[in-house]
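K.L.:
Each chain, letter by letter, is given below.
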Amino acid sequence: MAKANKEISEVNKDPNEKNWKRFYALLAKSPIKQYRVVYRSRKLKNRQDLYSSVVELFDAKGRLIGTVPIYEKKGKKIRGATKYLTGLSNINRYE
Amino acid sequence: MIEQDLKQLQERSIYIMREAKEKFGNVAALWSMGKDSTAMLALARKAFLGKVPFPIIHIDNGIDFPETYKFRQELAKKWKLDLIVAESEIKPELSGYSCCGENKTIALKKLMKERGFDALIVSIRRDEHGIRAKERYMSPRNRDFKWNYKEQPAELWNDYSSKLDDKGHIRVHPLLDWNEIDIWNFTKREKVPINPLYKSKNGYRYRSLGCTHCTSPVKSNAKGIDGIINELRSTKTEERAGRDQDKEKEYVMEKLRALGYM
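Read top to bottom, the protein sequences are chains D and S.
Residues in the first sequence are numbered from 1 upward in steps of one, following our numbering.
Residues in the second sequence are numbered from 1 upward in steps of one, following our numbering.
No lab work stands behind these hints: they were computed from the structure.
Note that the structure is a prediction, hence the values are computed from the model and not measured.
Quick reminder that beta carbons are idealized off the backbone N, C-alpha and C, glycines included.
Take these hints with a grain of salt, some might be off.
[Stated by the list, open to error] Quick list of simulated restraints, FRET-style, between CB atoms:
(1) S:Lys163 with D:Leu26: 50 to 60 angstroms
(2) D:Pro31 with S:Glu11: 29 to 39 angstroms
(3) S:Lys77 with D:Lys29: 21 to 31 angstroms
(4) D:Ala28 with S:Lys7: 41 to 51 angstroms
(5) D:Gly87 with S:Lys109: 31 to 41 angstroms
[Stated by the list, open to error] Here chain D is said to cover these stretches of chain S; the calculated rule only asks that three of the stretch's residues, wherever they fall, bring their Cβ under 8 angstroms from a Cβ of chain D:
(6) 14 to 28
(7) 60 to 73
(8) 212 to 221
Taking the hints into account, I'd like the entire structure generated from these sequences.
P.N.:
Structural data, given as structure tokens:
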């Protein structure tokens, strides 16, 4: 769990490709099994909306482990980063 | 929802894809890993002796569901697809609907220019949205990707347009006459693999799949395809009710399509 926290922390500090790849390499061996995407705004109107949206990470019993950003910085470009969560199961709910 | 004759639908779709392959030198198909475009790939395998003889394009803005990426990886390997991933940026400072319209269309235009595709197979259906009902089986786009929906080819007696505008391309729509339940009946019959998000989990499932931002699950207990088909036989909710993009003003979808996005 300590290792998962370190990788999560690095990605939160700087969501660049290197940190995301390290996080992804760790995923299979970690207790993180489920995710929920939380967008701060129903419409992404600006960069701040995107930067403040997160993915919540849970273990198999639904306990929150941490959160990571939804985006990746690739040089000057911003791309989504959900491909680095491949293997996890979605638990989004909407009322 | 009316369930149509699958044999007739399938025959027409296969005919359209074979016509496209014959008439146009450089064909590609779009794949979003949804049920429709995956069914289209299964039809292509039927049309072309078990293979998909053209490149498959995924326009990826990076915020698709992780299950979608896993499904892409697995099926591309299993069916030996010539997969091209066209990466698009996310620029939310563009206006609301443009997350798809601008960002994805830019990526598609760039790829089309690089690879020179003159026909693009797209798995839209007329019953999905009013603006899609205006489409033709082979629908021309000009060099700027623009679609003149007011002046379209007649398509009488199964004669489809192959006239290309200078540096334009043709959108090929083999699933135009299919409806949602036909896709599921075909998927069940042919055992086509599906994205697991379509199946209910904890009382919710995704009826229509887009990216994580614009897609919401719907209440459902349909854990498998049989459950989905039974649900569709009695539902009065629109298929794309969980898609935020469609909640924009109706003209927005028309504008997106006229600009060249699907």
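K.L.:
Name the hints, by number, that the structure is in violation of.
P.N.:
Failing hints, ascending: 2, 6.
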